[in-house]
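K.L.:
Got chain A; can you put chain B on it based on the hints?
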Amino acid sequence: MAPESARITRADVEHVAMLARLALTDDEIEQLTGELGAIVDYAAEVSALDTADVPPTAHPLPLVNVFRPDDPRPGLDRDEVLAQAPAAEDGQFRVPRILGDAP
Amino acid sequence: MSAVEIAAAVRAGERSARDVVEEHLEKIEAREAELHAFNYVLADEARAAADAVDASVGRGDDPGPLAGVPVALKDNMCTRGIPTTCSSKILERWRPPYSATVVDRVVAAGGVPIGKTNLDEFAMGSSTENSAFGPTRNPRRPDRVPGGSSGGSAAAVAAGFAAVGLGSDTGGSIRQPAALTGVVGIKPTYGLVSRYGLIAFASSLDQIGPLTESVDDAALLLEVIGGHDPLDSTSIAEPAPGVRDAAGDGVDGLRVGIVEELADAEGVQPDVAAAVEQAALALEKEGATVERVSVPSAAYGLSAYYLIAPAEASSNLARYDGVRYGLRVDGPDAATMNARTRDAGFGPEVKRRIMLGTYALSAGYYDAYYGQAQRVRTLIIRDFARAYERFDALLGPTSPTTAFELGAKTADPLSMYLSDVCTVPTSLAGHPAASVPFGADGEGLPIGVQVLAPALGEPVMFRVARTIEMAAP
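Residue numbers (our numbering), protein chains in the order written: chain A, 1 to 103; chain B, 1 to 473.
To be clear, the hints were calculated from the coordinates, so they are not data collected in a lab. It should be emphasised that the depicted structure is a prediction, and the values quoted were computed from it without experimental measurement.
Here's a subset of chain B near chain A, in silico, CB distances under 7 Å, partners left out:
(1) Y190
(2) P230
(3) M337
(4) I354
(5) R375
The C-beta atom is built at its ideal place from N, Cα and C for all residues, glycine as well.
If we strip away everything but chain B, and leave its shape as in the complex, we get:
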């Protein structure tokens, strides 16, 4: 049952929210030990929230557009009084004194948080193997990774543990796990969804978005969480564009470009490239025109990203100093305590990024690395702007490959980083992008096609995404 159907049935009193929650908890009971999608299952809290929704329906009140919909929350979103770990030992026992805006909005809309999902520590990774609490497995094929860093939320949706999930995407962390687990993933325009209460990784890139079984479910969830929040100074002040109504408008007359730098990127699996071509043909059949287009500087997106994101992370993660919250490892003085706490509390990938970012920002290297990456970011924005003069939306692969085996890339950090090659360019521009499931490779592993749109181009992005979804084999 889709989230749209659950909400409609619960609001109409045809189905109780409690019944919906119990059904999902049964699925969690059956497979969670194998998959490890969650750091924390909120069974009692979900039952209580569902009962409150049912009581509201019983009184004749409107329980909200997400009434009774079980929602999986990535464990980097603060939940008041409920553990929020970022899958890191440094926050293992932390219970936030406030909730993220997205969490408040989901609950106010009648949504039922059902658990906090596993992630690569502090959202740094592409396989959910960098979790201090052990990896998540792909529900489609448990010997494969679910992608990352929002691998727990993607797996929870793919396994039916939750009707919808929330993830965060810095360089592809919603879209890539969506592709690898065969679900829909949306990275909204930067600033469309509040980051208040999202634990920061790279603040100029981080954005929260939906992971769902269908494009319509994603539209429903995005309308609930999107829109201005006075608690986030980078939140866009204008009203969020409507996407639920737009999604069904088709693509007749739209101009769509296949981005050569994404489609032809190094390491793109042939059946992934073929899926992009097939999706393009499906759009043409529905009245869109499709051409290939070059976004030249996008080829440098990954290099720029792996300077900018770690630089911002090294600054953001300076707050974990053993003073105000989280782990402390004692020392004879404050500086020693800080350094020992951080070495004990952070895992290898987080340390690697902090070191990389600190290096890129350090005296003598700042201009050659961080400064140059920021100038390349400008070029990428300009090249996308030029492409959007001719096209309404762009297309490419989400991930160069389908789901890989656990352990396949953990020994070589750079090979793991290459998983993000198709998703980071548009992240640097702050634009929205969606991953839509489109067929499978020779081994039956799901493939995701990526739809890109200009800033606040969500309506056109949803039209293209839904058309691709309808044509999917």
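Pulled out of the complex, with its shape left as it was, chain A reads as follows:
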């Protein structure tokens, strides 16, 4: 049966937004709280089916690892790729600091 959790709270939405790296506004959090609750209630209909002995399907094809022949070939052009980056420096992507104090 549908888990109790189907009633989504504002705190749930804030937590999930943090996991999804979305800096949602207050209005967005408010609206998503209601919308996600309704959608999850609908989607929870899947729990009506008995699947005790049913294996999950992650993919429609029987996937196997695929190797290509070990022939060297050129990759993407570095300058062409970096030209599309929001910020680049010395042939690398430039990002804000990720650890500790600014250098």
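P.N.:
Positioned in the frame of chain A, the structure of chain B alone reads:
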């Protein structure tokens, strides 16, 4: 002029590819401002490509099976050096450093890309209203939506802006807009067409396919784009089944089932249900036997889909982090920059799906939602397999309704999701399906009938689709 006719005339030197392109550009000039089918019209590039085709014909070379055929490309297919936006602000100024395999194959076959078409942002939607650059309108009735998410490609074909279009279908995004705009739409077997360079939405479901005026045009385009691609590890290794020759073989002796869970789904408009019955009668007249069949778990397809697809999307869209390409909104540290970029760059529906998918995958809910949906996916595959023991192909509506008005469903996401109720079950199974125009409702809006077939059952699917097309009122 159909794509088959254009290619034949251009190859024979009876008509120049340049002339064909100019004719389509004139139509774009006349109506694009009203319809907004394109994010980007490739006028100069199309003229140059057409001239190259004509030069090839002039030299006596074979310009390829799509010679001079103007092709509309959904703007989630990468085109090297040409904007590829997914109709999202997060990719607004991005120019990919490589092209999708389907784009390379179209060009190698003599096809002429004429523009990048509008879509629901990241292909998430059923009306093309979720575009950051404004909605596309239905050429048959501009107060109506063209369906989605490949609404731009469907509208471009329906309006004569392009001879053929390419769309992508995750849960119905080729078939439903085809139905709503009165064109043919094909979702091939998962793995038949390379996804290399298709910007990912839900990787276990996404598949590229044709939107065309006729079944024969769809067969022509599918043979060009189908077949193994070493750049896509999920590409089927065996040769693609031939469909152009098969399409004309008729349906004599075929066993066709009307899927009760699709035909009787909640919200199916009476004249849409009647069209399915009429199409079935037409098949019987041509020698097929038709019976009703139950695929019980298909009734849970939509629920399972709206857990699986957002879960995969939440993972795929994690790459838009403001580091390597696209938008960046600065912040004092990387995590803040990531989160601000994503909030500013994604539209409401994309955020909703990312949130839904992240929730369905999060600790404590994973097994009840994502895990359960995956097990239901297994049941759906089993139920279809059982049906295909008795039937060669299956039938149902494509969309429960004809084209609705702009704005009719934007306030209620769940009502929009219900547009996909007839298309998602077979997507979860990875099987092919086609939407074929079959008559119109009381208001003159086109109706689409859906033909389903088992994996790699494209030849039989094309036989049924073409028979329905010939019988269409």
